[in-house]
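Given chain A, work out where chains B and C should sit, using these hints.
Chains as they are written, first to last, in this note's numbering: chain A, 1 to 334; chain B, 1001 to 1437; chain C, 2001 to 2361.
No false leads were mixed into what you were given.
Among chain C residues calculated to face chain B with C-beta under 7 Å, some are:
1. Arg-2041
2. Ile-2042
3. Thr-2157
Keep in mind the hints are simulated off the structure, nothing from the lab. The beta-carbon is built from N, C-alpha and C at its ideal position, and this holds for glycine as well.
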Amino acid sequence: MDTFIQQLVNGVTLGSVYAIVALGYTMVYGIIQLINFAHGDVVMIGAMVAYSVIAVLVGAHVSLPPLAIVVIATLFAIPVCMAVGYALERVAYRPLRNAPRLAPLITAIGLSIVLENIALIIWGRAPLPYPQIIETVTYRLTSHPDGATITNVQVAIIGISIVMMAGLLVLIYRTKIGVAMRATAQNAQVAGLMGIDVNRVISITFIIGSGLAAVAGVMDGSYYGVAHYQMGFILGLKAFTAAVLGGIGNLGGAMLGGLLLGVIESLGAGYVGEFTNLCHLSGWSHALALRCVSDPHLALFGSNYQDVFAFVVLILVLVFRPSGLLGERVSDRA
Amino acid sequence: MRVGHRIGLTLIAASVVAMYGCGQKEEPKKAAEAVAPAAAPAAPADEAVTVTIGSAGPLTGEIAHLGKDNDNGVRLAIDQANDKHLKIGGKLVKFTVDSQDDQADPKLGPTIAQKYCDEKAAGVVGHLNSGVTIPASAVYHQCGLPMISGSATNPKLTEQGFNDIFRVVGRDDQQGPAVAEYLKSLNVKKVAVVDDATAYGEGLANAVADTLKAQGITVDAREKTTDKATDFKAILTKIKGRAPDAVFYGGMDATGGPMLRQARELGIKAVFAFGDGACTDTMPKLGGDKNVEGMICSQAGLPVVAASKSFLDAYKAKYNVDPIIYAPFTYDAANLLIAAMVKADSTDPAKYLPDLQKISYDGATGHIEFDDKGDRKNAEITIFRMVNDKLDPIAVVKGGKSVKFADFMKLAAASAPAEAAPAAAAPAGSMKEEPKK
Amino acid sequence: MHAFFDTRGRPALVWAGLALVAAALIALPWVLAGIGTAWVRITNLAVLYCFLALGLNIVVGFAGLLDLGYIAFYGVGAYVYALLASPQFGIHLPFWVILPLGALLACIFGMLLGAPTLKLRGDYLAIVTLGFGEIVRIFLNNLSTPFNLTNGPQGITLIDPFRLDGFSFAGTQHVFGQALTSPIKYYYFLVIVLLLVIVVNVRLQNSRIGRAWEAIREDEVAARAMGINTRNMKLLAYAMGASFGGIAGGMFSAMQGFISPESFVLVESIMVLSMVVLGGMGNVFGVVVGALMLSYIPEVLRYTVGPAQMAVFGRTLIDPEVFRMLLFGLALVLMMLFRPAGIVPSALRKRELEQVPADVG
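The following block holds chain A by itself, in its conformation from the complex:
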């Protein structure tokens, strides 16, 4: 039971990081039906900028509490990422708005390569050890002395992602710009006729998504303690999967998809090996029984298939609900 709780905690934390990044994908997709493949790299830029700020502040022995340093670093990273996001939209996506659907996909890939190599030039090739200035505090979740635990960083990550999600919902449903975004998502042409500056709304969407990316970058770096100029790729991929799982274009879907993906990965890696343990079949095959003597955990699928589980669930969900878990509520599109 302790193991199970621990796996859930792991999964929810991982899922929260996915969810924040997925929000960025889903916002952009909701409004212009574009997969912003460079979004993962914006996350990377956020993590890197914050890394530099933290390194400078720590190096200068500024007498600030660690939490303040991380907050300052995040506040630096957010505008940088926003600028990058805005630039991406202006330079690469806006000119292609009427182009064939796949054209912006290719520019996005091109930009992703460009961003990564710029980061390589600035921050170098080696994985950067993210300064662990916030002391990790571990809380016990069960009475068992060696049982499930949760750390303060994990709590913070889960909390921040909930707060950001709530903030985003308020922005979309309670503000003027939110109305404009929803209108643009529904029908950009009509929105334009109603006096909405569609280009501005799209730019703002990119800017907000990139701001979220910056926060996600700092969270990822602080939690895992490492940043690398190619870290955005896998993270982006997972987040994109999460966004589609939940129903791309749907904010709640992104959050749900992220959490689900995180939990599936954790539980999958943790338990599928047990379920597919071939040694249960020892009675059927002598050769198998022999191998099980030296290898009692001989499994058909183990943690090596961690990434497969996520994709299999995704495919199954899409077979039965072709637009994702929450994808049909079109009005929810940001």
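Frame of chain A; chains B and C shown alone:
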């Protein structure tokens, strides 16, 4: 020092395309000092013969930092050789390095190998990954170009029957058993083995697991992650449930460090052991100082600290950083090529190959001789322990026997006093030009 | 494009043109070998990418189904060849048996992918195909336990080269005093197959099937209303595209002599898709141009970036290999910005682009 970088590779006689600039500084400000004395194609062709040594590895991509480290090792060796103004075949020889980026992509291996063949390179040091080295080795063999890898550990590389393919690093099936041997000496009963699902990590982890099982130690969990993963908590939680005495991870420091940190966060108290991929000085930073304390890791060959202080100093002076993992090996590899050329008095691969095959050389990573396959004969494997953020050599495993490091040094000192003085690694004069930052 | 192959109108002119092209293709490897045999290898890889791009073009360009996992079929083909012609299981079948087998298996995989994705559209399809590609790669990477099929990340070594009646494609023979190297032999084989594939593609596009695909791409509902069996047609597109990938994989295996799952990663799928889109989706010649360009650009940059920096600045400011990738990324962006429908757009796309009103999304 910087001289070597800045030299645009001189034209290889007939080849129009082979010209290649190979500067390699990360920061422009560093590049700004030092105007390359040799940058201008000053040396007329009749005075010095230019001999190209290839240096191939991933210079972009996930493990580009390791590729760069390898390349640095080669360049250091070449610069030192050039400072000695070697004469081969009666002519003054100027070595140049042609660094190529293979992006750790197997399909680029043969292409780059072919490029070296085309431009008649005299020898090649590389590649970093076994996955790239193996397909490339066929091309090197076809055109008779000797290649020494400083980091490809997959046993299959030298099982192909190519007489011009060598490696100075230990094979997975040499290093793995050595680690397992040492773990056994710690009296562990249950071990969890994890790898990063790469050719390197899996090969090493399998070797460790097999040896452990053969010795009657239970391998209680055999898990896999990937070399790009950052979250290991799922598999670590599973491992925690099995409560092993030790955990072995076959993978690089970029994943090994965070894994160790997460394990400690989860309260796993087992001893962590790693192969050479995570036997680096960045582990304390990546894994957290107090987490890595006491971790164990292995490196093929003798620790550079023991074998060649002069290499370490020269490297540090030239690049202002410590070597990461394989630089001493690629440094040795380049020196081996040169030593064989000097011995054969020829830079023609066909002529110096026999000398390379039977070479006996004391390098930065210890004594090197090749066996029939091109593997290092009697490769020593050194076991390190992390003490106060420093990797401390504690044992040397040779031929399946583990000797305490201190004892080994005593023995070595008694039998061969010259062991620590690499033949071709005389301190290079140019090093003093290194500006202090 | 059709007119190009239509020799009825002006036979003499067209045949003369074809003869010229043929002569150029025959002479090319020798010219390249003069510069450096590496260029012949680069060309061979470029031709392989042409196969892949053409195969993917059937799915993406003709039928309009976005596929981000195409490299999986390449991997399947490569592993079929490797397993049936290497010491892994001690089986050494001749290549003309294995290549069709590889194509067949890839074809089956194509339908396996197609079946659950029939209802999906656009970006949902993209992520499912992406997932499929990753699943295949992860399986290739992990099928070493509990039973060793693929040898996992260690890969398969010593794969047989093509052999025809004792004539091996590996090694060097001497013909008329010229060295007939292994890459040159493969080049001729590849180019012959490529020409065949191009002809098949062009004929396919203008066939009943090709028009059915086009109808599905433009409007699936309307296509079904017209009596097209959209399910079968989509499956057919996946199957045909996949079998081209399977053949290409087999040839890659033989040329490399060693394969491991690292060669079949997502980035490769993305690269092939880029070739299709960049060249001009749906246009066979455009796709070939796209594949050749994206294969050659990084290699040309490999040879030129370093010296160019030296010439301009007198020293190296940025590592050549980093600069190379930077330029490659920029090239992708710029080419798309200036020719959003591809370098050689298909006639239909060109028409569409001119007509499309300002409509976001």
